[in-house]
Amino acid sequence: MSETTVGGIAGRMPKFIRRADPAVLTAFACIVLLLFVGSLYSRSFLSPEYLLQQLKVASFLGVIATGMMLVILLGQIDLSVPWSVAAGAMMACAAAAYGPVGVALAIPFGIFCGVAIGIVNGIGVAYLRIPSMIITLATNAVAQGLMVVYTGGFSPQDSATPAMRYLATGFAIPGVPNAVVIWALIGAAMVFVLTRTGFGRTVYGIGNRERAAYLSGIDTRRVVLIAFAVSGGLSAFGGVLLAGYASKAAQSMGDAYLLPSIAAVVLGGTSILGGRGSYLGTVAGVILITLLQSILSVMQMPEAGRQIIYGVVIVAMLLLYGRAPASR
Amino acid sequence: MKDWRYWLAEQRGTLLAFGIFIVMFTIYTSNHPAGFTANVVQTASNKGVLLAFVAMAQTLVVITAGIDLSVGMIFLLTNCLASWLVIGTGIETALGVVAVLGTGLLCGAINGAIVIYGRLQPIVTTIATGAVYFGIALLLRPFPGGSVNEDLADALTGRLFGVVPASLVALLTVVLVVWVPFSRSVLGRAAYAAGSSEMAAYMSGVPIRRGKFAAYALAGLLAAIGGLFLTFFTYTGEAAYASGNAYTLFSIAAVVLGGVSLFGGKGSAIGAIFGALAFRTIGDLLFVFDFDPLWQPLFQGVILLIAVSLGAFALFRVRNRLEWFL
Numbered sequence: 483m484s485e486t487t488v489g490g491i492a493g494r495m496p497k498f499i500r501r502a503d504p505a506v507l508t509a510f511a512c513i514v515l516l517l518f519v520g521s522l523y524s525r526s527f528l529s530p531e532y533l534l535q536q537l538k539v540a541s542f543l544g545v546i547a548t549g550m551m552l553v554i555l556l557g558q559i560d561l562s563v564p565w566s567v568a569a570g571a572m573m574a575c576a577a578a579a580y581g582p583v584g585v586a587l588a589i590p591f592g593i594f595c596g597v598a599i600g601i602v603n604g605i606g607v608a609y610l611r612i613p614s615m616i617i618t619l620a621t622n623a624v625a626q627g628l629m630v631v632y633t634g635g636f637s638p639q640d641s642a643t644p645a646m647r648y649l650a651t652g653f654a655i656p657g658v659p660n661a662v663v664i665w666a667l668i669g670a671a672m673v674f675v676l677t678r679t680g681f682g683r684t685v686y687g688i689g690n691r692e693r694a695a696y697l698s699g700i701d702t703r704r705v706v707l708i709a710f711a712v713s714g715g716l717s718a719f720g721g722v723l724l725a726g727y728a729s730k731a732a733q734s735m736g737d738a739y740l741l742p743s744i745a746a747v748v749l750g751g752t753s754i755l756g757g758r759g760s761y762l763g764t765v766a767g768v769i770l771i772t773l774l775q776s777i778l779s780v781m782q783m784p785e786a787g788r789q790i791i792y793g794v795v796i797v798a799m800l801l802l803y804g805r806a807p808a809s810r
Numbered sequence: 053m054k055d056w057r058y059w060l061a062e063q064r065g066t067l068l069a070f071g072i073f074i075v076m077f078t079i080y081t082s083n084h085p086a087g088f089t090a091n092v093v094q095t096a097s098n099k100g101v102l103l104a105f106v107a108m109a110q111t112l113v114v115i116t117a118g119i120d121l122s123v124g125m126i127f128l129l130t131n132c133l134a135s136w137l138v139i140g141t142g143i144e145t146a147l148g149v150v151a152v153l154g155t156g157l158l159c160g161a162i163n164g165a166i167v168i169y170g171r172l173q174p175i176v177t178t179i180a181t182g183a184v185y186f187g188i189a190l191l192l193r194p195f196p197g198g199s200v201n202e203d204l205a206d207a208l209t210g211r212l213f214g215v216v217p218a219s220l221v222a223l224l225t226v227v228l229v230v231w232v233p234f235s236r237s238v239l240g241r242a243a244y245a246a247g248s249s250e251m252a253a254y255m256s257g258v259p260i261r262r263g264k265f266a267a268y269a270l271a272g273l274l275a276a277i278g279g280l281f282l283t284f285f286t287y288t289g290e291a292a293y294a295s296g297n298a299y300t301l302f303s304i305a306a307v308v309l310g311g312v313s314l315f316g317g318k319g320s321a322i323g324a325i326f327g328a329l330a331f332r333t334i335g336d337l338l339f340v341f342d343f344d345p346l347w348q349p350l351f352q353g354v355i356l357l358i359a360v361s362l363g364a365f366a367l368f369r370v371r372n373r374l375e376w377f378l
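Sequence lines, in order, name chains A and B.
Add 482 to the 1-based position in the first sequence for our numbering, that's all there is to it.
Add 52 to the 1-based position in the second sequence for our numbering, that's all there is to it.
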């Protein structure tokens, strides 16, 4: 992406480094730094078991951040993640209460609820032209209201089905947790869609200038609608996996995923204004944030300290490479 | 056109918010078991004023075409700080109030500095700084607690002359001391101009950076006033994540209801205040109609969804489809 500044030291670097996004490189450099700091703190930090465990935890955030990235590439944002995650998890667990058919349909039903939230977002953003930040906050509030009404009246079944637990914690391939496999599959699909399909190119086009994309004969509103539906569905799927991991659904389970998912995408070099960014960067961002969280919890940092360090790290890293151009 | 028609066109959003508030408040009091009494008005104004301060804070930033997702967290942080500092003798209390307001101003200034001089996007910046402010609030108050100078608290949450709610008077004072001078100053004009068209304002030599910075800093101050009042109402400090988030969300709803354009450059804090009061009244309508309180989050969410969707009616006035894409 940065082919303009070739010269000096950069000119002597191997080609693949020269062509890489500096943001992605910085993110990977920070991952190495974090691993180094962690290994100083505890010997077991670099053990394969521990790293695999981190990758498993990262895959929940990874699935959610994938949807977030698609929306951010459009130049929009999805703030309905917290209750899309919670709704996906709670509805999947709730469906399991309705006999064997319910158990079989639990996962699709959870994802369906997320897609429904995403479609409302998409209609609002694409057809009603409401700023995405506002409409997604509103649908988040409505989803929260629905869940409160749903759980308040009576006590629903809130434990995960065996299939959900298997997806989140089982091992289909020996040694590799299923959650990591799922993230890899979703990530591969995302890379394919973004780089090899017309839809993907359209997403970048709309992110750069929607007006130009529209004048090129693209039905930009349909693309935006689909992107939001996918984002909602992936958030809900992340919630289903989380419910499987914790073996139950809880009301506030999604709150901890809004900031990290945005941060992961943005730290990975995707422009918050849309139109620029690679999935590799998002992967780096997700791993970076998971490692940071893990190190802070290994150091037994209290919640308050974690929030502070978190915010400071995000601002500091963005100041390093996420700044807007200076001159007008 | 006559002068008054220009004025009317400019104030349309504010007047609409005022109208909605009057209608809702009439429905509210006429169905309230106690009716339109000083007590009912006092309770309603105490609840509404909190949101009104936070909504004013949000307005200042939204006018510059930005958004501040950390207002709710500044509100919590100053609440927790006030539960430590605003206590003791008169002098100590006064110093405490100054410290709390200064903290709010500092929080806002940090946001502004990062957004303007660091050139980062307001959304991401304020989400991140919001996490920091919440973290500090949690450090100050890991568990709900603390206390406040109760004489001062009772004076500011009670009634003047037995009729007028003191909190409304405080709100009016803040409007006169902070909002009116700001909106008429060069910096205020610059904030509006930056929100309307930053490029044009820059070309015209308007001090947009200072204007935007002042808007962010004052937003922090107003959120801190809100946090101070929360302490006066509850006598305690509490770092509740959900509550901070709710105030941020409701402040945006209030701003939208109050006719402030989210694209910047249009609207006033007066409108946002009536938007906030209307939003609170609508939320409380459920109670006078004896609904299950469980339905309140859903009801408020639906109101919010409808309020933001109303903006879509402007689409019908669009002649050229290209104007869909800003």
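Careful, some of the hints might be misleading.
Within a straight-line C-alpha distance of at most 25 Å, the following computed SDA-like cross-link-like pairs (lysine to any residue) qualify [what the hints assert, rightly or not]:
hint, chain 1, residue 1, chain 2, residue 2
1, B, Lys318, A, Met615
2, A, Lys538, A, Leu755
3, B, Lys318, B, Asn372
4, A, Lys538, A, Arg788
5, B, Lys99, B, Glu62
6, B, Lys318, B, Arg241
7, B, Lys318, A, Gly557
8, B, Lys318, A, Arg788
9, A, Lys730, B, Arg241
10, A, Lys730, B, Leu350
11, B, Lys318, A, Tyr609
12, A, Lys730, B, Asn372
13, A, Lys538, A, Met781
14, B, Lys318, A, Pro613
15, B, Lys99, A, Met781
16, B, Lys318, A, Val630
17, A, Lys730, B, Lys99
18, A, Lys730, B, Leu157
19, B, Lys318, A, Lys730
20, B, Lys318, B, Glu62
21, B, Lys99, A, Leu610
22, B, Lys318, A, Val631
Calculated from the model, a selection of chain A residues having no Cβ within reach of chain B, i.e. all distances over 10 Å [claimed, not checked]:
hint, residue
23, Lys538
24, Gln626
25, Gln775
26, Ala786
If you are wondering where the hints come from, they were derived from the structure by calculation, not from laboratory data.
Just so it is clear, CB atoms sit at the ideal spot from N, CA and C, and this is done for glycine as well.
**Item:** Broken hints, by number
**Value:** As far as the earlier hints go, 2, 5, 8, 9, 12, 15, 16, 17, 18, 19, 21, 22, 24, 26 are violated by this structure, in ascending order.
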